[in-house]
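**Q** Each chain, written out:
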Amino acid sequence: MKRSRALAALGLAMALPLAGAAAHAAGESRCGVCHPDVRVAFERGVHPREGVACTDCHGGNPRTLEVAEAHRGSFTARRARKEIPKLCASCHADVARMRPYNLATDQYALYQTSRHGQLLAGGDARVAVCTDCHGAHDILPPGDPGSRVARRNVPGTCGRCHGDARLMGAYGKKDDPFADYMKSVHASALLEGGNPRAPECSSCHGVHGVAPPGVGDVDKVCGNCHEPTRRYFMDSPHHDGMKRAGLPECAACHQNHAIARTSAALLGSLCESCHAPGGKEVELGRAMLALYTGAEGEIERASDLVARAEAVPIDVEDYRARLEEARTYLTEALPAAHTLSAGQVEHFTRRSRSIAGEIGSEIDEKLHDLRLRRFGLIVFWFYALLTVAVLIAARRARQGGTPS
Amino acid sequence: MGVPTDRPAARERLLAWFERRLNLTEIFSLLSIYGLFYTELDTRKPLRQALREAVARPLPSYARWPRLLGLLAVGLFVVQAVTGALLAFYYQPTTEAAYASVRSIVRDVRFGWFVHQIHRWGAQLLLAVLIVRLLRFFYDRLYRAPRELLWVVAVALLAVGIQLELTGRLLTWNSLSYWSTTRGLEVVFDLPVVGSILAFLIGGHEVGELTLVRFYFLHVAIVPLVFAVLLYLSFATIRRVGLSPEADEMGTAGRGQYVAHLYNVAVLLTLIFAALVTLAVIVPAPFPGQADPFATPVGVRPPWYLLAAYGFQELFPTFVPHWVSGALLLLTLLLFTALPFVEARVPERAQGRRLVFLLGIAIFVLWGACAAYGFWLDMPRGGGG
Chain A
1 MKRSRALAAL GLAMALPLAG AAAHAAGESR CGVCHPDVRV AFERGVHPRE
51 GVACTDCHGG NPRTLEVAEA HRGSFTARRA RKEIPKLCAS CHADVARMRP
101 YNLATDQYAL YQTSRHGQLL AGGDARVAVC TDCHGAHDIL PPGDPGSRVA
151 RRNVPGTCGR CHGDARLMGA YGKKDDPFAD YMKSVHASAL LEGGNPRAPE
201 CSSCHGVHGV APPGVGDVDK VCGNCHEPTR RYFMDSPHHD GMKRAGLPEC
251 AACHQNHAIA RTSAALLGSL CESCHAPGGK EVELGRAMLA LYTGAEGEIE
301 RASDLVARAE AVPIDVEDYR ARLEEARTYL TEALPAAHTL SAGQVEHFTR
351 RSRSIAGEIG SEIDEKLHDL RLRRFGLIVF WFYALLTVAV LIAARRARQG
401 GTPS
Chain B
1 MGVPTDRPAA RERLLAWFER RLNLTEIFSL LSIYGLFYTE LDTRKPLRQA
51 LREAVARPLP SYARWPRLLG LLAVGLFVVQ AVTGALLAFY YQPTTEAAYA
101 SVRSIVRDVR FGWFVHQIHR WGAQLLLAVL IVRLLRFFYD RLYRAPRELL
151 WVVAVALLAV GIQLELTGRL LTWNSLSYWS TTRGLEVVFD LPVVGSILAF
201 LIGGHEVGEL TLVRFYFLHV AIVPLVFAVL LYLSFATIRR VGLSPEADEM
251 GTAGRGQYVA HLYNVAVLLT LIFAALVTLA VIVPAPFPGQ ADPFATPVGV
301 RPPWYLLAAY GFQELFPTFV PHWVSGALLL LTLLLFTALP FVEARVPERA
351 QGRRLVFLLG IAIFVLWGAC AAYGFWLDMP RGGGG
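Those protein sequences? They're chains A and B, same order as listed.
For the first sequence, our numbering gives the first residue as 1, with consecutive numbering after it.
For the second sequence, our numbering gives the first residue as 1, with consecutive numbering after it.
Hints were generated in silico from the structure; no laboratory data involved.
Now the stretches of chain A that chain B is said to cover, found in silico as 3 or more residues with beta-carbon under 8 Å:
#1 303-313
#2 372-379
One side of the interface only, derived from the structure: several residues of chain B facing chain A at Cβ under 10 Å:
#3 Arg-103
#4 Trp-113
#5 Phe-114
#6 Gln-257
#7 Leu-262
#8 Tyr-263
#9 Asn-264
#10 Val-267
#11 Thr-270
#12 Leu-271
#13 Phe-273
#14 Ile-282
#15 Pro-284
#16 Phe-287
Computed from a prediction, not measured in an experiment: that's the story for all the values here.
A virtual CB, placed ideally from N, CA and C, is assigned to each residue, including glycine.
Extracted from the complex, chain A is given alone in its bound form:
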């Protein structure tokens, strides 16, 4: 087998300078004459363009149309699942060969550290191997929207196994991470919101070295994106307390896969799921919520006033910028709530309240000035009526008493 692959590689090396032949390997090969469906799938992928031929993986003789001759020697129709990672690695772990493509070569090593790789090494062939995620013949780069490993397609690719209750049941797993993820704010951001940076499975679990983050690591994983929230969380009594209680930090409140969109309202409801109702922890949550909604109301009022002022119109460009500043402080108040310190939350809500309050009173003042125009009207009417009276009197005088 080794020899045949070496020969094929040699043939490839000789063929490459002859023609810039993307189609060369597939064109020379006659395998597709009998296996047209496989050939079509293969040519859809990226490999034939880079000169990889059928025989590089399957062995055999590609130049003949005789079935027996073609399937001679090292030929293998279907590679054993257990062998696949090693087979792919024979090229993809080859630094010299991958260098021009600027591709990493550590996937095989990473795979061996993964849960998949460890189980495979233990003889369990049901776990995912390269072809389960990348496809066997029609392998596309992750940047291609049609690829199984394009970001938007990753949840579905993982879900093919991890959403399969029978397969997962065999490993004693009862939950359905695929269904849970699809309900999450992350899935709706990635799949509906069109946010290409929203996390899919591999963002938290790793790509080839895939493994679930354990207790004590969850906050690090989430903190990769939610950096300030993690910083505040690490300052809180929850950080050590949860570790002692064996609770998965962020996931204890926000779930692991079915992560819902958060709102300030959680401060008023979530605490009771662990702490006694009416206890001081629940009260603290309510207090932080009150701080938040107070500032939110102030911003609401200011923003209504800005809209009213704009309809007058008054120049509101500056107010809009300051309103944005107030909103930014308010946004920061929610991550700050993870410190479990009302003082920290108030630090931000107070700023946002004071900015919103300033905007409100300045606009109020300007609108009040506008109301003064109405007092001008009284003066105006006084003179208008005076004019009318003078005119009527003058007419009477002019007419010399004749009735009009």
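Take the given structure of chain A and dock chain B to it, following the hints.
**A** Below, chain B alone, put in the same frame as chain A:
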């Protein structure tokens, strides 16, 4: 040339200086035809003497002041001309700059808001006065011979007044003005013949850059000119045939002299200006965002004076092509304009004239009902956009 001083002798000299070189009486007579005098000035005499004579003439009954609607129209038109000229100093008629220039007039220019609001309310009042004037002519049968032209010109004045408002409305280029103009034009485009000609003149069925420039030119030059000429014609017929239904009412003794009319004019103009100022300050027009051809705001209607035409066309079920309802509308309007001539053909004895009068009332009532229906159609309703 001497600067005029307070001394009467100097003023007299200046007047005489001009009098030798210009026929001031003739010029004054030309201006005063806009409702200031319903009586003629003797253009052979010097201005002072001609005025003194005119002012001392007996006052005709129709020049007493509840009936000076035409004069109010002239007053409002002058206000519109003055405020319009002031606005034109800052206004830029391009789709990029129009909205911002109006905003800077209203927001940044000293008293710009006042001029803008006066101009806007003046237009509405002008149309209202023209409509009331038409109603009064109708009620007092002032369309009968020899006053047919008075009626036709009054209808034409209203039509041209609507043109003025419609072309001016678009210029602010905000979301409400843009969309109400679009909705208004949809009504007009449905009229057969007239609609297609109009669509050609204003640069297509879509409201865009060309429409804005053409509307600007129409609004500041062509339409006001036509309006002024029609006003002149209106008063020219009044001078010739008088206003009151009975010709012999002209110059009845014991009703005072013409000079009272001049005081009435001054009082009325003061009051209408005061009303304008009050409206401008207490009910200022809102200032919505810039026009967006791709987003219709909620609750946009055709302009109020086109609501009736819009309601009328929407009365018909959808399988009736719009040109049919448009043609019916056009026919009704033509019939209405030709009212004096239609009535003249109806025999006087057989209560026919009474019927024509009732028909006229029916058209007015239908107009009001259609306007109410058109208003109701675009009521923002809960849930629906």
